[in-house]
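S.K.: Numbering-wise, UniProt numbering puts 3 at position 3 of the sequence shown, and it's gapless, one number per residue.
Check the hints yourself; a few may be wrong.
Stated by the list, open to error - Below, a list of computed lysine to any residue pairs in the SDA-like style, where the Cα atoms sit at most 25 Å apart: (1) LYS65 x CYS32; (2) LYS65 x CYS97; (3) LYS65 x VAL102; (4) LYS65 x ARG24.
Said to hold, decoys possible - Here are the in silico distance ranges between beta carbons for each label pair: (5) ALA77 x ASN21: 33 to 41 Å; (6) PHE70 x ASP93: 29 to 37 Å; (7) THR64 x ASN21: 32 to 40 Å; (8) LEU103 x LYS65: 29 to 37 Å; (9) PHE70 x SER91: 29 to 37 Å; (10) VAL22 x ALA77: 14 to 22 Å; (11) PRO59 x SER20: 32 to 40 Å; (12) SER66 x SER20: 35 to 43 Å; (13) CYS97 x ALA77: 15 to 23 Å; (14) ASP94 x GLU68: 26 to 34 Å.
I should point out that these hints are in silico values taken from the structure, not numbers from a laboratory.
We treat Cβ as the ideally placed atom computed from N, Cα and C, and that holds for glycine.
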Amino acid sequence: MSCNCNEDHHEHDCDFNCVSNVVRFIHELQECATTTCGSGCEVPFLGAHNSASVANTRPFILYTKSGEPFEAFAPTASLSSCRSPIFRVESIDDDDCAVLRVLTVVLGDTS
């Protein structure tokens, strides 16, 4: 997930559309939800308020260069729909190597 930055580029140019920077930001939001970060208008938690615990997953979709959602294998009980374009960041290291979890959408009551 390299940004292809070098000393000839301005820092802003490197950050503008860099996948690794966006994934790192999503990971930081998730980590902040489980630490002592405050809440309020300056912290963009989904549905956050002081009396409830905050879910820290920030689902996101990656798009290919041609604009199609990137999908990964997500095994389910029914193998008829076992691909998903929805991910969660599990971790990201200093070399911008990220571990992603594939998420699936469950609609309605599954019982």
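S.K.: Going through the numbered hints above, which ones does this structure break? Give me the numbers in ascending order.
M.R.: Per hint list: 1, 6, 7, 8, 9, 10, 11, 12 and 13 violated.
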